[in-house]
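Relying on the hints, combine the two individually framed chains into one complex.
Spelled out from the first residue to the last, the chains are:
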Amino acid sequence: MTKLSILPGTELDGFTVGECVHHGGMATLWSVTHPGITVPLLMKVPRVSEGEDPAAIVSFEMEQMILPRLAGPHVPGCFGTGDFARQAYVVIERIPGTTLYSRMGELPIPYEEARVIVGKIAGALADLHRQNVIHHDIKPSSIMFRPSGECVLIDYGLSHHNLLPDLLQEEFRLPYGTAPYMAPERLLGVRDDPRSDLFSLGVLLYFFTTGERPFGESETLRGMRRRLWRDPQPPRKLRPDYPPWLQEIVLRCLEIEPVWRHPTASQLAFDLAHPDQVKLTARSERLKRDPLSTVWRRRFNGGMTQPKPKSDVAVQLASGPIVAVALDTEDGSGPLNECLRLTAAHLLATLPNARLACINVLKLGRITIDRTVDEQGNNKHIDRLVALRHWASPLELDESRLTVHVLEAVDPASAILEFTAVNQVDHIVIGARQNSMLRTLLGSVSSKVAAEAACTVTVVRPPRSAVAMGQAAVGG
Amino acid sequence: MMAAEEQLRLAIFADIHANRQAFSACLDAARARGAERMVCLGDIVGYGADPEWAVETVMGLVEDGAIAVVGNHDNAVVSSSESMNAEAQAAIEWTRGRLSAPQRRFLAELPLKHQDGDRLYVHSEASHPARWQYVRSTADAARSIEATDAHVTFCGHIHKPALYSMSAAAKLTSFIPTSETPVQLLGGRRWLAVLGSVGQPRDGNPAAAYAMLDTKSQEITFCRVPYDVVAAADRIRANGLPHWLADRLLIGR
Chain Y
7 MTKLSILPGT ELDGFTVGEC VHHGGMATLW SVTHPGITVP LLMKVPRVSE GEDPAAIVSF
67 EMEQMILPRL AGPHVPGCFG TGDFARQAYV VIERIPGTTL YSRMGELPIP YEEARVIVGK
127 IAGALADLHR QNVIHHDIKP SSIMFRPSGE CVLIDYGLSH HNLLPDLLQE EFRLPYGTAP
187 YMAPERLLGV RDDPRSDLFS LGVLLYFFTT GERPFGESET LRGMRRRLWR DPQPPRKLRP
247 DYPPWLQEIV LRCLEIEPVW RHPTASQLAF DLAHPDQVKL TARSERLKRD PLSTVWRRRF
307 NGGMTQPKPK SDVAVQLASG PIVAVALDTE DGSGPLNECL RLTAAHLLAT LPNARLACIN
367 VLKLGRITID RTVDEQGNNK HIDRLVALRH WASPLELDES RLTVHVLEAV DPASAILEFT
427 AVNQVDHIVI GARQNSMLRT LLGSVSSKVA AEAACTVTVV RPPRSAVAMG QAAVGG
Chain L
-12 MMAAEEQLRL AIFADIHANR QAFSACLDAA RARGAERMVC LGDIVGYGAD PEWAVETVMG
48 LVEDGAIAVV GNHDNAVVSS SESMNAEAQA AIEWTRGRLS APQRRFLAEL PLKHQDGDRL
108 YVHSEASHPA RWQYVRSTAD AARSIEATDA HVTFCGHIHK PALYSMSAAA KLTSFIPTSE
168 TPVQLLGGRR WLAVLGSVGQ PRDGNPAAAY AMLDTKSQEI TFCRVPYDVV AAADRIRANG
228 LPHWLADRLL IGR
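Protein chains in written order, with this note's numbering: chain Y, 7 to 482; chain L, -12 to 240.
The shape of chain L in the complex, shown without the other chains (with noise of 0.2 Å):
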């Protein structure tokens, strides 16, 4: 049952990764478009080269009411039993490095989901949250969405936005969404919408990639923001991380 709710923008945010130059012009155009909560969908550090400022900018946010979850990287900095290939691997030990006591007690303390009403907020998906898989698929979509009761599911991890939704009779559809086109999340179906990365998008378009939700008429319109790629890449190659991940960001890879 959909109550009708007061009208909230809600702004959102996935993986991060570090991105200082990225996200903070997600912020700044987020609030220009009068975000009034925030949400972090987790991977706040590992790639980028300004953990320490993007852990204490969540953990601002957090104190001013927005809600953060965990993601792998960040969980991965503060637990190290994670998996990971060479080059997110160094990232991840450089970052360790780089965060204070406070900082990693804050991302180790950071729950796998939180239920926000009919709105579930997770960072892979939300049927084995701690399992850190990719939703590539409608059938990926569809174990994510028959894992919880919400109306709408919130996740990145993948990098690339997508929208997916189930119908009453349990069919599928997928979306690419079209940046600024409002998208009505109809209320006979449920939803799981797919944010793109605000600091290392992977759909071919470098541009910051969140997303904005009005919760009276439950629109979600995806967003992009062009920031200074240029500067965040040097910061990656100045603090000796691997160029690779300088070099996708110019191109969004």
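If we strip away everything but chain Y, and leave its shape as in the complex, we get (with noise of 0.2 Å):
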């Protein structure tokens, strides 16, 4: 069969070839044009010819299945792809601007502006995770950024689509990514794991609070393979400033085991979302490495090596949800709060991986100037907190899973809403308002929660009471 050159001027099912952008190792990047389609566009067709590397090959493949599966702010939009029976391309969204490469010169940034972007790739990360997609090559020049500061990922010649054939499985005997940034237990082959994600994520943290890749930059196998059994150096020791929050959250996007890692990539986000609120352990503290006993039982004992059952990406994210839930911390609203608790307890019982987030309003007026202060000098907003947790201390959550969160708005149903969508909740518990006069004066929270809520939302009342099942009897 002939293959087509590509060149500018080149027509090719409906795109014309424009200007070459980018002649790089594995493919090259063509400016197109497409008269129905008015989205700058860019057609990536992969080096192949004979006798070169046929992880191109592969690595293509896996783009052309995955990149028309995809939706959504943080993917770069696909147009059209073409078969390497005649010419292997495909054309996807053109993003304007660099990837997060061209910050290499400016390491280490300050840990603000790091907490912000990171937070940002990891919720892109969470959103691709949903698709079932895993990207197994986050690293900063697979990273661009919308004008509207969306993080976008681009890339996917390694992911793994958890519904579709993963053509890289086999393929390889080595596992194929970017050293600096893989994940140890892509060492053994493991593709499956959203976690291997976070690792990477971790890398990049580290790297651009530090200066320093944590894992140096050996690409040999064996240099490569120390990560199975040891620890980076804590970024507390490179930089004395470095924040315990910062380090709890990065080290623990860089344990060994992915169990240790966060559950989810909304969870990591979640936790960059609000540092104040971020459980500190033992790592936050650290200075050193682990000892090298830890080390050698490590390596010698096992552990990372040993096998692991497959595992389902769908499955794993389901387990781990953000569960909010919104409560009232008036008087009279203890029964609810009961219910509500009570509901709670049992969604957690069968969702380890799970964390919840207390939520209160404080209503503002609309026109009076408030004061959040009371009479007695109390501030309110503590207060409130302190009830949350008082209200969250039976269940006798680990503390790493349990946030609260007092939220100041006008409307609390718009608070509630804005607080799910930003922090890319799961899963909201409400309860519903019991005093109808009050409901009918303001209308209820929980119904416009339920009919306006992206996630799942469960409505709690508290049991039948007997006054309230007479007045059901008589209003029959």
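Treat the hints as calculated values from the structure; they're not laboratory data.
Virtual Cβ for every residue (Gly too), placed ideally from N, Cα, C.
Hints may contain errors.
Distance ranges between label pairs, derived from CB positions [stated by the list, open to error]:
#	chain 1	residue 1	chain 2	residue 2	range
1	L	Gly47	Y	Ser11	48 to 56 Å
2	L	Ser204	Y	Asp247	55 to 63 Å
3	Y	Arg232	L	Glu133	36 to 44 Å
4	Y	Gly229	L	Ala156	23 to 31 Å
5	L	His115	Y	Ile43	44 to 52 Å
6	L	Glu133	Y	Arg53	26 to 34 Å
7	Y	Gly229	L	Leu(-5)	51 to 59 Å
Some chain L residues flagged as far from chain Y (calculated, every beta-carbon gap over 12 Å) [unchecked claim]:
#	residue
8	Glu(-7)
9	Glu23
10	Val65
11	Gly84
12	Ala88
13	His115
14	Val216
Chain L side only, calculated, beta carbon under 7 Å to chain Y, not exhaustive [what the hints assert, rightly or not]:
#	residue
15	Thr160
16	Thr165
17	Val170
18	Leu173
Encoded structure:
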């Protein structure tokens, strides 16, 4: 079969090829146009010829399968693909600007900036994982930002789609990817654990905040295998002013065993969005690496080297949801709050990786100037945080699974919905107000939340009391 | 070379095994999805209690342009030289007595394989179709793929769905298909699609299995259809066939 040669002016399936934008090792990028499409477009053409690395072909095939299945703001839109039988290509949306790689000369960047950037990447990863895809090549050159600020993940040549054949699974004996960022389990051939992406993102966060790569730049398999038993230098050793909450997050991402990392990318994003609520463990204070005895035990007693059962991306994500409980702390909400706690307890009992965010809305008047301090001089905001923690204490949750939030807002339902959207909450538990008089006047918060939330909502009511039953009977 | 082909939606059925309830449900589902041509990968009879209806239905489909190939159970009914386990043999003997002469002739005349452009249809696998070998591993799949120049081979026989591919460098991948997720059969590699069974699924899911292929987008979708399993099992018992053949339908084993 004759291969077409792509040159400026070439017509292919309605696309007109323009200038060459990038000439890389694996692929060439051309700007292209199409009469029916207004978005700026790129055509990615793999560099494949006789005797070249078959990995280039397989990677391209994976992109060709995965890109058309992806949707949303965190991936480049896909507008067409062509097969190897004629001319292999994918046409994708051209994201303006440069990748995060352009920041490499500025490292380390300020902690706060790193927190915001990595938070956005974690949010994008959460979205990707929900679409059953593990990226497997998270590194600065795979990350871009839209002018609107949203993170876009590019390059899916090493990715794994949980519902599609994994063409890379058996193709190569050595793990394929970018050595400094590769999760330890990848070295053992594991390709179905979304937490591998959290490890890579941890490497990026460590690198961007310390200026050093946690596992160096070794490209040899022997050098890479060290991360199966050897933990990195704690960032605080490199930078004494390193914030404990940030070290807590970074070292959790870089845990050797996936099970010790954040259960989901959403939960990592949640921690990055609420640094004051990150539960600090021994990790946060550490100044030294693990003692040699621990390292030797890891190395020679198995641990990471034990085979693991196959995991399912969707099942794993579903086991670690973010559950938000919206609570009133006013007088008279006691019986309802009991029921809310019971519902939360039932949910959490079946979901060992779930985390619970307790939220309360401090209602502001529309026109009055609000005072956050009451007549006795008590800070209402702090009082409510205390009340939320008090409500949650019988649940006996590990501190790392619990956060409390007081939102100040004019409209409670809108505040709850916004919190849910920003923090990628998976499930809201909310009580229905019993006082029908108040509900008539104010409208029901729970019904608005139930109607408009993008996630599952459980509306909780106390058990029918004798009085309520009597009323119902009378009312017919 | 994959020429741009006109769009055609194919529905492919394997191992119907005289299960009227399951095959009816699959045909209805496939027609609802816009199936324009039917393909039957053999084992129309055996195990199930409605062989006359099954053969008659496939004969009707073939008259309307469907493709059909022979399976080992179809072959056993008309040749009587097969060696099978006791339960399967009992069902074969019973089936033979039920079919009319034209129905038996139809089965006897079915080809072992049928190539349609870059697609090959065969009951067991492509390397030795008359030996009725199972595709259990990537090595078995490689043997079948290497025996043909087809871009995609469709087979059944093992009653558990699987999708194998061979890259240009002759590396194999295996995959257990996810129902209702279309997979593009990329042109740069060659494929072996092993279909689940319409009438006697054995992958732990009792729902009837079939597949749809869009010839333009080259996308295959593995489908499952729930059907009245209890009615099909009752028919098997009522006709005095071995009870295990009824029981296994309920658990899909």
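Each hint, compared with the structure:
1. One distance hint, 48 to 56 Å for the beta-carbon pair Gly47 of chain L and Ser11 of chain Y, holds here, with the actual separation near 51 Å.
2. Taking the beta carbon of each, Ser204 of chain L and Asp247 of chain Y are about 56 Å apart, inside 55 to 63 Å as hinted.
3. Range check, Arg232 of chain Y to Glu133 of chain L: Cβ separation about 41 Å, and the 36 to 44 Å hint holds.
4. Range check, Gly229 of chain Y to Ala156 of chain L: about 28 Å between beta-carbon atoms, so the 23 to 31 Å window is met.
5. Judged by the Cβ atoms, the range 44 to 52 Å given for His115 of chain L and Ile43 of chain Y holds: they are separated by roughly 50 Å.
6. Glu133 of chain L and Arg53 of chain Y have their C-beta atoms about 28 Å apart, which keeps the hinted 26 to 34 Å range intact.
7. Taking 51 to 59 Å as the suggested C-beta distance range, the pair Gly229 of chain Y and Leu(-5) of chain L conforms, at roughly 53 Å.
8. For Glu(-7) of chain L, the condition that its CB be more than 12 Å from all CB atoms of chain Y holds, with the nearest at approximately 17 Å.
9. At the 12 Å boundary, the C-beta of Glu23 of chain L stays outside the reach of chain Y, the nearest C-beta of that chain being 23 Å off.
10. Here Val65 of chain L stays apart from chain Y, with its beta-carbon at least about 37 Å from theirs, past the 12 Å limit.
11. Even its closest Cβ contact with chain Y, about 44 Å, leaves Gly84 of chain L beyond 12 Å, as expected for a residue assigned away from the interface.
12. Every C-beta of chain Y lies more than 12 Å from that of Ala88 of chain L, the closest at about 45 Å, which supports listing it as non-interface.
13. Residue placement check: His115 of chain L keeps its beta carbon more than 12 Å from all beta carbons of chain Y (closest about 25 Å).
14. A cut-off of 12 Å between C-beta atoms confirms that Val216 of chain L is not in contact with chain Y; the least separation is 26 Å.
15. Satisfaction of the interface hint for Thr160 of chain L is found here, the shortest Cβ-Cβ separation to chain Y being roughly 5 Å, below the 7 Å cut-off.
16. The beta carbon of Thr165 of chain L comes within 4 Å of a beta carbon in chain Y, closer than 7 Å, and the hint placing it at the interface holds.
17. A cut of 7 Å between beta carbons decides the hint on Val170 of chain L: the least distance to chain Y is about 6 Å, and the hint holds.
18. Against a cut-off of 7 Å between C-beta atoms, the interface hint on Leu173 of chain L holds, since the closest Cβ of chain Y lies about 5 Å away.
Checked against the numbered hints given earlier, this structure breaks none of them.
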